[in-house]
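Engineer: Chains as they are written, first to last, in my numbering: chain R, 1 to 351; chain V, 1001 to 1312; chain U, 2001 to 2304.
Be aware that a few hints might be false.
What the hints assert, rightly or not - Cβ-Cβ distance ranges computed for the label pairs, FRET-style:
| id | chain 1 | residue 1 | chain 2 | residue 2 | range |
| --- | --- | --- | --- | --- | --- |
| 1 | R | A153 | U | F2122 | 36 to 44 Å |
| 2 | V | L1178 | U | G2164 | 36 to 44 Å |
| 3 | R | V31 | U | M2208 | 27 to 35 Å |
| 4 | V | Q1050 | U | I2282 | 51 to 59 Å |
Just so you know, these hints were derived from the structure itself, not from any lab. Given the structure is predicted, the values throughout are model-derived calculations rather than measurements. For glycine and all other residues, C-beta sits at the position ideal for the given N, C-alpha and C.
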Amino acid sequence: MSAFTTSDPRDRGGPAQPLLTVEGLRKHFPVRGGLLNRQVATVQAVDDVSFSVRKGETLGIVGESGCGKSTTARLLMRLIEPDAGDVVFDGDPVGDRHGITVNAMRRQMQMVFQDSYSSLNPRMTMAESIAYAPRMHGVSARESLSRAEDLLAQVGLNPRQYARRYPHELSGGQRQRVNIARALALEPRLVILDEAVSALDKSIEAQVLNLLSELKARFNLTYLFISHDLNVVEYVSDRVLVMYLGRVVETGPVESIYARPRHPYTRALFASKPTLDPDRRTTEMPLTGDPPNPINPPSGCRFRTRCSFAQAVCAELVPPLAAPLDGQDDGGAHLVACHVPAAQEAMALHA
Amino acid sequence: MLVFAARRIIQAIPILLGVSLVVFGLVHIVPGNPIDLLMPPEASPEVIAQMKAAFGFDQPLYWQYLLWLSRALRGDFGLSVFNATPVWGMLITALGNTFVLAILGALLGFTLGIVLGLVSAMYHGRWPDKLFSAIATTGVSLPHYWCAIVLVLTFAVLHEWLPAQGMGDDSLPLYARLDYLVLPVVTLSLIPMGVIGRLVRATVLEIISQEFVGALSAKGLTRWPVIRHICKNAAPPVLALMGLQFGYLLGGSILVETVFNWPGSGNLLNLAIFRRDIPVLQATILVLASFFVVLNLLVDIAQAAIDPRIRR
Amino acid sequence: MSQATIDLARRELAPPETAPVQAAPGYWKAVGQRLLRDPVTIIVTLVLLGIIFISIGAPLVSSYDPYVGSVLTRLKPIGTAGHWLGTDETGRDLWTRLCYGGRLSLLAGVLPVTISLMIGGFLGVLAGYAGGLIGTLIMRTMDVFYAFPSILLAIAICGLLGNGLSNSVIALSVVFIPPMVRISETVTTQARQLDFVEAARASGTTTMQIIRYHVLANVLGPILVYATSLISVSIILSAGLSFLGLGVTPPQAEWGLMLNSLRQAIYVQPYVAALPGLMIFITSMCFNLMSDGFRSAMDVRLNK
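Just need the whole structure built from these sequences, with the hints factored in.
Structural biologist: Structure, rendered in structure tokens:
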């Protein structure tokens, strides 16, 4: 899944340089209320998130609703302005004087959204929607339309049938293919898929996932795959990032994370998957307590209020993302944010 | 809830200030010195200067504004240029008369509108719907001053059943003069009937088409509880519009009052315009517009009280 | 998920290759088709076209001078020989006056709405898309004007500017700008939050491009529906202003003015006196029904 060639002329730095490096990303939303619409609280949506994405890989981001995955995606695309943090794209800091502009980054990084219907302009045909971005960037109308039709074929939709259709005439799966084609229209190197298959029926989901992997090979793409569906993330990802309440709690190669999850939250996530296998029934409730409010997150480790291993240090100190305390870190790739050795070593679940 | 109400009240204050600024400023936008509007052209310069000082026109503009505003807040709008009586007294009497018309017109119009709207929605697509929709649309498209004329024509001229103009003998109490009320009230009720009727119909139709109503019926609720449920959900936007319409009736009655020679605030406004009676003009517009703002405020608060979603 | 499921999906659920179908008509074309199938809208549009025709082509359909009357022919009833709709209080032929009056009445109805559409629409889309300080500033200013009942504001402005058609057009334009701004802002704000607008932003295109290609097309529909319904209000209001003596001045022909000057004649020739108002009513009603027709044609829900 990570076959990558360096034949892309835009490549700077070769395969060793990560395509995307995110450092200390933070976004707090003000909550207004009271008599004069003052700020009364903040939603700490994304707090000190750091990770990197290697060229040609698929990084999966998992977490429950409200953990900040989608906000992170929008921060990366600069649809929302981050409060703090650096984003480096292939060695060039984004938005920095010495790096590349946000617009230049957007030409190399695109996004596919979850809702396939509202992602498309209901008054534009499929071909027009796909051709819009290239046209706005200077490609001639005819050239961009022909590119659009070619992309439609690439995503498995016959352009003669679908080019002049409107969104309401297509099914969810077909629309999502169009959304993917549209994301590819600017020939990006990195595609963020924000719950892109979550709204589709299972069988359609399988088709689209296959399409995504074909496209990745064909176009030398790198993927950031955001989802709450653990099975899908396991299937598509090379590495996985687990988020909880705006922070990264664990990251590592997919096999390692799924076979030996170190963070109690990750284990709880996996344990909550209902299994069909009667021999491996899920019997106990892995998570206790109510999911806390991102408006007033717990101090220190945010998971401590639901963690059966919580200790005093967990309330005082934010656990850094570090190598697992038992030393088995897959060559430095597997990182976990937890203070307590016992929490990290609890019985590993077999995926 | 209280916070929402307090916030809306605070928001209304700059609006009221803005309204007063506009009212004050309108007079001064008019080309020419305001004093020229008040004085006959052959007045001597000394008289003009005297009047200027008396009215305070020689002061800087913002000072005039503050002076005028502070007096206005105490109810002192000065004397009418036309007949030298206190403006406040004239205004109060006139407002009272308009109020009578507006309340009755609103009641009649809203009742008819709600009935029409509900029936149209219930019988959607069939002839009652088409008929009542046509009536509602007619109500909205009617120039009500023309309608007033037609009504006067029919009921006062061709067949002398009702009086054509005025309020009748002032010495008689109001309930003895009801026949003077009929035509103006009916005229005024037409537009609210149309507007409210159309909104009720649209709102109820939209609520009916939502799934939760079907769910209620499926749960076995009989007709009346479902209807009550629909009404509760349709209430907020309809109430808001009713408030607005009442405001229009109060502030916009000038045309009807002119036709019927009804001594209300609209008529007062009309006369003030033609007599160039600036104090009366300013006072009337200010009071009517302020009424409107306060009315909107009350409507917003009432809406928030009914529909918690609005409280944000 | 297992490889078996994936292969199954691949085999059995590949998009079927059917014969190429006719492309669906464009959105606006579909709207046009729906309009053509609506009898009420068609009738109403024809009536309006008729009224416009007899107004513009007044010299063709009427045979008198609208300004010349004779005391001898004052207030003749409907059906008089030579004056099929009677004459007014100075002896001018009513049919002629109605035709010529249509010009000013229609103008006073359509022009303010057009002006306020351009100004108000621009401000509203700007406020809706930009948001922030600009948006708040625009909307709060509009709030102050919104605080006046429309006719009150129109009368106030007209009363102070003076008589004349241009003054009443100015007054009505000012009155209509706040509601235009409000509806444009609301619709634009809704459109701005839709995913495809975000996707357009994510593709690095400029704000003007996004507004032009994505926002406008989705916003124009409701705004146009509202503007059309506003025309009917404008016709009534402008005639009302003339009725009060604040708009068009005599001896020009305009329906509201005619209604006022014929008011005294109500005791003599009641039906003649009511005719100008009938024209106002019919025209206004037609615009209202046309606006309703537009709204139905554009509402995807009602037609799916």
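Engineer: Mind checking the hinted window 51 to 59 Å against the Cβ distance between Q1050(V) and I2282(U)?
Structural biologist: holds, 55 Å
Engineer: Honestly, do A153(R) and F2122(U) meet the 36 to 44 Å range at C-beta?
Structural biologist: holds, 41 Å
Engineer: Is 27 to 35 Å respected by the C-beta to C-beta distance linking V31(R) and M2208(U)?
Structural biologist: holds, 33 Å
Engineer: Starting from the range 36 to 44 Å, see whether the pair L1178(V) and G2164(U) falls in it by beta-carbon distance.
Structural biologist: Taking Cβ atoms as reference, L1178(V) and G2164(U) lie about 41 Å apart, which means the hint holds.
Hint compliance for this structure: every hint is met.
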